[in-house]
Every structure is written in structure tokens, then in C-alpha cells.
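Turn these sequences into a full structure, and let the hints steer you where they fit.
Keeping their order, the protein sequence lines are chains A and B.
Start counting the first sequence at 568; every next residue gets the next number (this note's numbering).
Start counting the second sequence at 414; every next residue gets the next number (this note's numbering).
No wet-lab data here; the hints were simulated from the structure.
All figures in this text were calculated on a predicted structure; none of them were measured in a lab.
Treat each hint with caution, since some may be false.
Distance ranges between label pairs, derived from CB positions [to be verified]: (1) A:590 with B:516: 49 to 59 angstroms; (2) B:468 with A:981: 30 to 40 angstroms; (3) B:449 with A:694: 32 to 42 angstroms.
If the Cβ cut is set under 10 angstroms, some of the chain A residues that face chain B in the computed set are [claimed, not checked]: (4) 593; (5) 597; (6) 607; (7) 632; (8) 636; (9) 637; (10) 638; (11) 768; (12) 949; (13) 996; (14) 1043.
Virtual Cβ for every residue (Gly too), placed ideally from N, Cα, C.
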Amino acid sequence: MTQARTVRLTKRPVRHDLTSWPLVGRLLRWRHARTTAQIVVLALALLILYDGFFGPQLAPKNYAGVLPWVHWRGLVVLALLVIGNVFCFACPFMLPRRLAQRLFRPRRGWPRWLPGKWLAVALLLLFFWAYEAFDLWASPLLTAWVAAAYFLVAFAIDGVFRGAAFCKHVCPIGQFNFVGSLLSPTEVRVREPDLCRQCRTKDCIRGRYDGAGRLRQRGCELGLFQQSKVGNLDCTFCLDCVQACPYGNVGVMLRRPLQDETDPERTRSGIGQLAGRPDWAMLVLVLTALGFLNAFGMVSPVYRLLEWLSRALSVTNEPLLVGIVFAGGLALLGALVGLASAVTHLLAGRPGVRWILTRFVYTLAPVGFGMWAAHYLFHFLTGALTVVPLTQSFVLDLTGRPWLGQPAWQLASLLSLDRATDVVVLVVALGFLGSLAWTTQLGRRYGYRFGAILPWVLLQGALFLLGVWLLGQPMEMRGTLLG
Amino acid sequence: MVRRSSVALTVAIVLCSLLVTASCQRGSGTEAQGTAVSVEIVAIEPDPPVIGPATLQLRLLDSRGMPITGLSTVEVEGTMSHAGMRPVIVTAREWSPGVYVTEGFTFTMGGDWIILVRGTWNGRRFEARTDIPAVRSATGSTGFRIGVAAL
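So, in C-alpha cells, the structure goes:
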């Protein structure tokens, strides 16, 4: 039995269904679309590995210093805001993972003592602490090691555990993308819900097998059953469900962000209720705090804080001081969230503090992601063109001849510093508005007066102002290269 | 199946060979040349350095530590440890034997700066590197390392 190369749609095209659009739709329905995208990104990842290990150890002159920290991060947040989770779609780490699955045919389930997102949250903290403490952005070699470790861990995890254990429980980048995709304008969703109710085979989750019982097409390995899937959380945009559905009833739909996903009590396939998932709540809290801490690590006042801490604690170990700043920032945001929950509880006079916290903490996701997006877009907008002279220099080094011209090092920014700052402030503002909209929706849902949700509005407003202040600060770059 | 595997193997071998060959060239570029010529900072004006126009006095030395004289100009590039910033590229003229002074250099951002000096000496291109840590921003931060060093 051979499988069609492209999914055929059985229903009439719908305007907001990207899979029914000419060209784009054909590409999305093409069976090898993801693998092709992954191979392209894999080639870039190999370039980063090669240059990181063997190239000049000066970040601006090395692909491992430029592509991940300027382009990849900027394009990830840009894609999440204007398209969707396309970087999980094109994730190159999935290629060795797929190889591991073929080689080892794992049967073991993910350990019960490591449920949900807890490991991923810990890895997120570890990564961003290491990023600041060891200045990963300044070291092409360390960047290459991180990328190599990513490939190895993806291979090892999915060589041992069945399903998409790495994506669901381990990958810090994936969790970042999942939370960011709350704001994305697209979603993988069924076209005709009635058709799903009649379906008996449920290929979108089980996969499709041939007559001999061999798997011909995977279903969703993250356990998202299309019929009850809500929004983008945990969706890697792999489009396996689009390929698996025998009715061509799953598509990539345009949508209004923050419309269907804001109810924390709605049961979501593969996730359950967000209100009952402390790991997801912690993920959003940690990502929000890290968004501001990561930006804080690049501006002038961080030096004064570190200097003060160093004097106060008589500690000169930079990784330890960075750890203290991280722990302090997280604890501060955690305390403010707890305080907001307590005040809402007092003013609303209904359910407990924990009940409110596990529902309202998600409203921080938009403003938190707004800060991430602003930070990463700033670097992208002010440094995107540096890849041009870098490529010229790379070719010159490799061939000894300037086939692409002499490196034009004066090329750097897409926008002027002032214009880039305007854009990123607008992005944080949009994040704040998203948080505000989510909070008021929740307030209406639970019948709270404005006063009861005011603590959350004030917290989000404070984060927004903090973001604007951070973006207005002069940047200062530390570097272990100079140590 | 065999044919497909052979093609994949051939492609892999070719790619690996290219990478190994390329790595030799990329890795032995400017850094190896930099060992023949070194550069040290003689003075920076203003001192300590802050964001804004600055003058760097740089001494070029050969592998025996002797000043390199007679180069009418060298190219000086100021860049940072973070990618994505526009480097500052100016020329420097010989001011006294072996000492070259920049013209029109500007620290555009606070933090750690990396100074690359390029030129031609004895008919060979060279590139030498030195660092200027903790250029202060307008807010007056002295930078973490200087702060710690002062403890």
C-alpha cells in the first residue's frame, strides 16, 4: 500500500484554513514538507557546529555566535507572533530522534516520577543561568557544545522512551515555543467536528497502519487528540495529524489569539485542565520571570546590582551571583503573584488563594512573552545584516578568494536603534494588552468586579513598565573572553 | 535500498571531507597570523573609557617583542563579544616608533570591547587582537569586573 504524497481535502475549502490555500496549502499538505524544512535547518545547525568548534572564537565573526543568538532567536519570536510554531515544525533535533526511534523501537513510557513539565522547567532555569553565568552568547565553542548536547539528548531520550518524550517533557526550547504560541495567529485544528464524531479509527492520534500492521503514518506523539485539542499548547506543528487523518479533516487554521485558550478550566486533550497543572503554572511563571531577567542581564544596572551583591555578601564568584539574582527575581515574581492572588481572594471573597493563583497566573504569559519577543527582536532588528559580512568572511577563509566580495563589516542593522526601540516597546505593549484582555476575560468568567482583578492588572502593568525601562537602558556586554 | 545507502554514505563522506578540509583553513586564519604580531594598549583617552569618541594608542610588537615601525597606517576594528553589533572600523597612524593612534574611533556601547588591528608587514597580512574591558555607559557603571577588583 502506498501513501499519497499530498493529503487530499474532502471538504470544500475554508477561507481561514491555510491547508486549503493555493501553494501554501499544498506545501503544508505535502508529506515531506517537515522533513525538507528540518534538513534545511539541520544544514544550518551543522554550520553552527562546525564553525563553533573550528572557527574563530570571536562571536561576531563566527556562525555559532551570530546565527543562534541574533537570527534564530529573533526569527523564532517573529514567527510565533506572525505565523505560528514553525520552528518546532522545522526542528532539526527531530532527525536524530527519528533515527533513534527506528534503531531502538522504544517501548518504555516516560517515568511517572518526572511528570509533566517539571524537568523542562528545571532545564530552562539551568540553561538561562548558564547563559548568563558563562556568557554563552560570547563563546562560539560553548554554543556549539550546547547544540551538540541537544542533538545527543534528543537522540538518547527518544531512543529510550516512546512517543515524543523529548518534546513533551524535556525540550526547553519547545516549552518556550508552546507558551509563545498562545499568541500565534494559527492553530492545527479539525475542519468539521461532526466528521470526527463519526470517525472510528482515530488515526490522528493512533497513526495509520498498513495491512501487515506496519506503521505508515504517525499520529500525534504528544497525545493531542484532535477532537478535544484546544489551542497550541504542546503542539509542535509536526502536522502528523494532518497527514494521518483519512478524511483530510485536519488543517492549519487562522485564528484570533487568546480567544479559545484563556479558560484554565477547559479540558484540553493531552494536557487536562490548566487550572489543575501546577507544572504548567510554574512554566509560565518561570518563563515570565526569565524574560525580564534575561533582558536585565544585558543592561547597565545589572553591573551595579552585582557589584552591590558582591560587596554585601562578600562573594566574587560570578555564576553564584547570577544564581542569586535569578533566584531573587523568581522569588520576587512568585511573591507578587501570591500577593495578587491573596488580594483577589480578599476582594472577591470566593475560592482560595491557590484556586485563584492556578487560574490567573496564566495571564502573565502574554506580557512575559512580549518581553522575550522585544528583547530578541531588538537584537535581530539591529544585527540581522551581520550575517552578510560573516558569510563573505567565511567564504574568503575557506576558499582564499573573495567570491562574495570583501566582508562588508559595516552592515549590521535592519532598522536604526531608535526605530528598533520603538518597535520593541510596541511589542511589549501588545503583550501587556494581551495579558490585560486575558485577565478581564477571566474576571468576567468568574463574575469578579474590576477591583478584584486590579492586583493582576497592576502586576502586569508593573511588568510592562519594567520592560519599557529595561529597553530604555544602555546596553552593556560582559564577556568571559576577557576574563 | 543498497543504492540509496551508497549515495547517502558517499554524500556523508564528501561532507565530512569538506568540513575537515575547511576546518583547517578556517581555524588557521587570522588567529594564527595574530601570533606573529601582537598589540597592546598604550593609552586610552578618555581614561577610564566611556561611551563616545575615544583615542586609542596602540603598540604593535613582533614575535620577539620589538616594536613594528614604519607602517604608515593600520586598520583598527572595535567590536564586542556579542554578535549583532556594528563594528567600529577606523585607521590608525604611526605617532611614535611602533605606536599607532586611532582617528575617529568611538565606543558605541558600554561593556567589553575587542580591538583588532590589521595591516601588512613584511609583505604579509596580519591581524592582532587586544581587549578593553568594561567601557562605561553614560550612567556611570564601572562594570562588574572593575567593581569586584576594587573590593
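Consistency of the hints with the structure:
| no. | hint | verdict |
| --- | --- | --- |
| 1 | A:590 with B:516: 49 to 59 angstroms | holds, 54 angstroms |
| 2 | B:468 with A:981: 30 to 40 angstroms | holds, 31 angstroms |
| 3 | B:449 with A:694: 32 to 42 angstroms | holds, 39 angstroms |
| 4 | 593 | violated, 26 angstroms |
| 5 | 597 | violated, 20 angstroms |
| 6 | 607 | violated, 15 angstroms |
| 7 | 632 | holds, 4 angstroms |
| 8 | 636 | holds, 6 angstroms |
| 9 | 637 | holds, 4 angstroms |
| 10 | 638 | holds, 9 angstroms |
| 11 | 768 | violated, 30 angstroms |
| 12 | 949 | holds, 6 angstroms |
| 13 | 996 | violated, 23 angstroms |
| 14 | 1043 | holds, 4 angstroms |
In the structure shown, a violation is registered for the earlier hints numbered 4, 5, 6, 11, 13, in ascending order.
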